[in-house]
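> Read off the chains here:
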Amino acid sequence: MSETLKPETAEQVLDAVKWAAASESPLAVKGQGSKEGFGRAVEADCRLDLSGLTGIGCYEPNELFMTAGAATTLAEIEAALRQNNQQMAFEPADLGILLGGEGDAGTIGGAIACNLAGPRRIKVGAARDHFLGFNAVSGRGETFKSGGTVVKNVTGFDLSKLIAGSFGTLAVMTEVTFKVLPAPEKTRTVLVLGLSDQDAMKAMAKALGSSHEVSGAAHLPEAAAKGSKVSHVAGTGRSVTAFRVEGPGPSVEHRCRALTALLGGGASVEELHSENSALLWREICDVRLLDGDGGNGRQVWRLSVPPMNGAGVAEQLTAGTGASVFYDWGGGLIWLTMDATPDAGHETVRRAVEAAGGHATLVRAGADVRNRVPVFEPQTGALREITARIKEGFDPKGILNPGRMVEGV
Amino acid sequence: MKMPQPDAGVIARRAEIIEAMQAIVLGEGVITDEEELRVYDHDGLMAYKGLPLVVVLPETTGQVSAILEYCAANEVKIVPRGAGTGLSGGALPLADAITLGLGKFNKILEIDYDNRTVITQSGVTNLAITEAVEDEGFYYAPDPSSQIACSIGGNIAENSGGVHCLKYGLTTNNVLGIEMVLMSGKIVHFGGKHLDSGGYDLLGVATGSEGLLGVITEVTVRILQKPETARALLLGFPSNKSAGNCVAAIIGAGIIPGGMEMMDKPAIHATEDFVHAGYPLDVQALLIVELDGPEVEVDHLIERVDAIARQAGATHLSVSRSEEERQAFWSGRKNAFPAVGRLSPDYLCMDGTIPRRKLADVLQRIEELSQQYGLRIANVFHAGDGNLHPLILFDANEPGELEKAENFGADILRYCVEVGGVLTGEHGVGIEKRDLMGVMFTEDDMNHQQRLKCAFDPAHLLNPGKVYPTLHRCSELGRMFVHKGKLPFPDIPRF
Ligand SMILES: Cc1cc2nc3c(=O)[nH]c(=O)nc-3n(C[C@H](O)[C@H](O)[C@H](O)COP(=O)(O)OP(=O)(O)OC[C@H]3O[C@@H](n4cnc5c(N)ncnc54)[C@H](O)[C@@H]3O)c2cc1C
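In order, the protein sequence lines correspond to chains A and B.
Per our numbering, the first sequence starts with residue 1, numbered consecutively.
Per our numbering, the second sequence starts with residue 1, numbered consecutively.
Calculated from the structure, these hints are not laboratory results.
Here are the simulated lysine-lysine pairs, BS3-like style, with alpha carbons at most 25 Å apart: (1) B:Lys-107 - B:Lys-226; (2) B:Lys-226 - A:Lys-202; (3) B:Lys-334 - B:Lys-167; (4) A:Lys-123 - A:Lys-206; (5) A:Lys-6 - A:Lys-397; (6) A:Lys-18 - A:Lys-6; (7) A:Lys-179 - B:Lys-167; (8) B:Lys-167 - A:Lys-206; (9) B:Lys-226 - A:Lys-206; (10) B:Lys-241 - B:Lys-334; (11) B:Lys-2 - B:Lys-404; (12) B:Lys-167 - A:Lys-186; (13) B:Lys-167 - A:Lys-123; (14) A:Lys-186 - B:Lys-226; (15) A:Lys-179 - A:Lys-123; (16) A:Lys-123 - B:Lys-226.
Derived contacts from chain A toward chain B, CB cut-off under 8 Å, selection only: (17) Pro-7; (18) Pro-248; (19) His-359.
The structure displayed is predicted, hence computed values, not measured ones.
Using N, Cα and C, we set each Cβ at its ideal position, and we do this for glycine too.
With the hints as constraints, model all of the structure from the sequences given.
In structure tokens:
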């Protein structure tokens with residue numbers, strides 16, 4: 001990349017994008033660059049570094065929202081929220097280490113642009129569900145905003161949904177507003193040991209179909225469990241199915257007992273308290289349970305499928321292949337890791353996911369592989385047309401992160 | 001309210017269009033008789049009426065596709081319609097458009113308890129989904145007061161809310177997938193039983209799109225197990241301000257109730273007269289706070305809310321002791337619209353959202369406006385999420401009163417925006433708030449929204465005249481003016 005522009009204000013972002021549009025110079029848009037390895041490599045000479053657009057603008061705990069510069073670090077935001085016993089309930093994952101970089105990096109704009117979500121996705125949603133509004137500059141070199149600071153808002157199309165998960169290909173966010181929520185008073189995790197993948201899907205369905213408000217349901221086959229730093233998990237020598245329960249103290253204790261009764265049925269059940277519980281969910285959220293061997297350049301896929309199809313899809317992709325998995329979202333999210341191949345096994349992976357219903361993303365692979373293999377779910381027919389027309393409408397010159405999601409778009 | 005000039009050319013082709021529709025939808029699904037068309041001449045925004053060109057009631061997605069394909073080829077406009085309960089005029093017919101009713105899409109297709117999903121046709125009512133799964137203890141969480149009548153397709157088109165959305169999310173947070181027919185006639189699927197999208201979040205943008213992007217024919221929603229118990233507190237306050245402070249204090253204490261609703265004095269009196277819910281009449285504001293979950297949690301939170309309410313100056317406190325009593329507490333709130341309807345020949349229901357802390361301030365301003373306009377007002381309020389429903393009482397038979405009521409409503413919404421809120425929290429823009437869009441959005445903001453529209457419906461045949469005060473041609477919106485040669489941004493640091 002030959003040049004980096006580092007605007008410090010929204011006006012400067014506007015100038016930069018206007019210039020890029022006029023001179024048809026593609027821009028690689030980045031916050032801190034913690035997820036540069038996520039998606040395809042951008043075909044651009046010039047980098048638009050937003051890391052100057054930082055700072056919490058407006059945070060009113062009682063109003064349950066925060067407005068911040070798009071490149072404000074998640075670390076800064078989390079620290080401010082902690083002081084008020086609040087949190088970003090969607091648990092933005094820190095994929096830094098998974099992607100071969102450092103941990104503890106990442107900005108709020110990046111979390112939204114990638115529509116990150118953690119284990120709590122099944123209960124409270126993803127970044128998309130918490131993203132209330134923004135100011136941005138589209139590829140047309142025009143400033144626009146959408147949404148607001150309130151949760152209930154149906155004024156006009158919900159462009160926040162469009163921008164969340166668009167990987168910077170439609171507009172450069174300069175300021176974002178998102179929902180914040182009270183942090184739970186207490187968290188505990190119920191562990192069921194030794195379930196097969198299929199039985200784990202059933203146990204998770206039972207728990208999530210109960211009234212016990214489970215806020216995380218993950219299944220770690222034995223190999224994944226071994227990778228945990230929580231000794232109760234790593235040391236069992238068996239698979240571990242984990243259920244998170246959060247809320248006021250007495251309620252958590254009650255629900256853990258109820259879950260144990262519901263799931264027990266002879267299985268071996270344990271509980272994790274405070275720090276161990278937090279650590280385990282961090283490991284699941286940040287996908288730290290795949291690389292017991294340090295990764296060795298293995299490729300990683302993220303599959304989103306109907307929860308009850310999780311084990312079947314995983315079985316197809318792991319049987320006799322040396323690939324391994326763990327499951328989050330009650331079985332609906334599969335993290336799959338396998339030895340590197342030039343095509344990342346994408347046809348096999350996509351065939352299995354298509355049959356089950358869902359989509360697959362190649363999250364970790366060498367840049368050459370990511371440029372050869374469709375990283376995101378390939379689109380066909382009318383879907384592809386709409387996607388192309390939206391891109392054309394927001395970024396007619398194709399200057400924002402060209403090629404990041406789809407080759408040539 | 002000015003609507004786009006009907007296209008006389010299309011109206012002249014009515015017979016031909018009817019014939020084409022009858023070839024697609026056999027039997028009684030094409031309604032042409034004026035008397036029968038009257039049934040469809042308005043939606044929940046009663047002040048506006050108009051006859052559609054024809055009404056077509058297809059039964060299959062294939063038929064919807066064939067209708068839209070014909071209309072696209074022949075430049076005939078479409079107004080999608082669910083149950084017609086919308087309060088912003090979104091389903092108001094147009095004289096040169098087919099009203100496409102989804103009333104016959106009334107089947108629930110699949111219940112999948114293990115994946116916690118229901119797949120249903122879009123004309124099924126919101127309540128019918130809950131009824132279909134409640135034997136197993138499940139329910140569909142978003143619960144608009146109109147849930148007995150409104151369709152799930154309409155809920156998605158409006159991104160409807162309900163009392164329980166404070167804790168369980170709005171429609172957009174509870175819908176997993178849709179089947180939608182595009183204006184071209186093409187059938188697309190966004191989402192499914194899995195979460196999130198492998199590309200742009202088209203499910204997210206279709207939700208709340210008020211029938212402007214496509215016709216929703218099938219829906220996948222997530223269902224939840226009902227909480228073990230739910231109890232409600234009835235809290236009376238000597239002023240709107242103290243009630244507002246109580247709301248803020250509850251949220252500030254980290255408690256997100258299952259529901260938190262407020263009524264002002266006129267609303268309390270109107271509902272008490274109507275349903276005898278047992279509301280205290282000597283208070284200025286009433287809060288209903290519902291807490292749900294396991295009994296230990298509910299007991300624990302009731303104690304805390306009780307203490308917060310006392311601190312905030314509550315003069316009336318009661319806690320429901322039985323399911324009947326909890327229902328009774330809610331009965332007033334749930335019947336607030338009809339109850340207020342009894343006070344006056346007509347009323348307009350407004351729907352702004354404001355930051356919670358501005359509550360007392362906004363109610364004060366509404367009271368001043370009420371005096372200025374000489375029109376009575378009652379306020380019900382989804383207090384937990386700041387969504388205000390002022391009900392403006394008027395008599396449409398009095399010359400000029402409708403206009404006066406609308407101006408009053410517009411002033412309230414402008415004030416909502418001024419204090420940091422928005423024009424509509426859950427009822428949609430429709431025609432009602434269309435001309436106020438400029439209060440919240442710049443031309444560039446709206447043009448970007450319309451570029452999304454252009455990606456779905458480039459000829460603007462779906463529900464024109466709704467949501468946007470002016471619809472720009474897509475070719476115009478696509479044009480870009482670039483200033484070549486301008487030296488780039490001398491001030492931006494570069495490396
Ligand atoms: C007494 C009463 C109480 C209400 N309470 C609430 C409440 O608590 N919360 C709330 O949010 N709303 C409430 N509403 C408003 C209304 O019920 C909702 O907006 C509801 O979602 C509308 O559904 P419908 O099927 O009646 O849609 P309609 O009124 O038929 O249509 C509404 C809009 O959606 C479009 N549309 C409908 N179906 C489709 C489809 N299948 N595909 C594409 N577009 C479609 C129409 O074109 C129109 O723009 C209330 C209304 C009444 C009369």
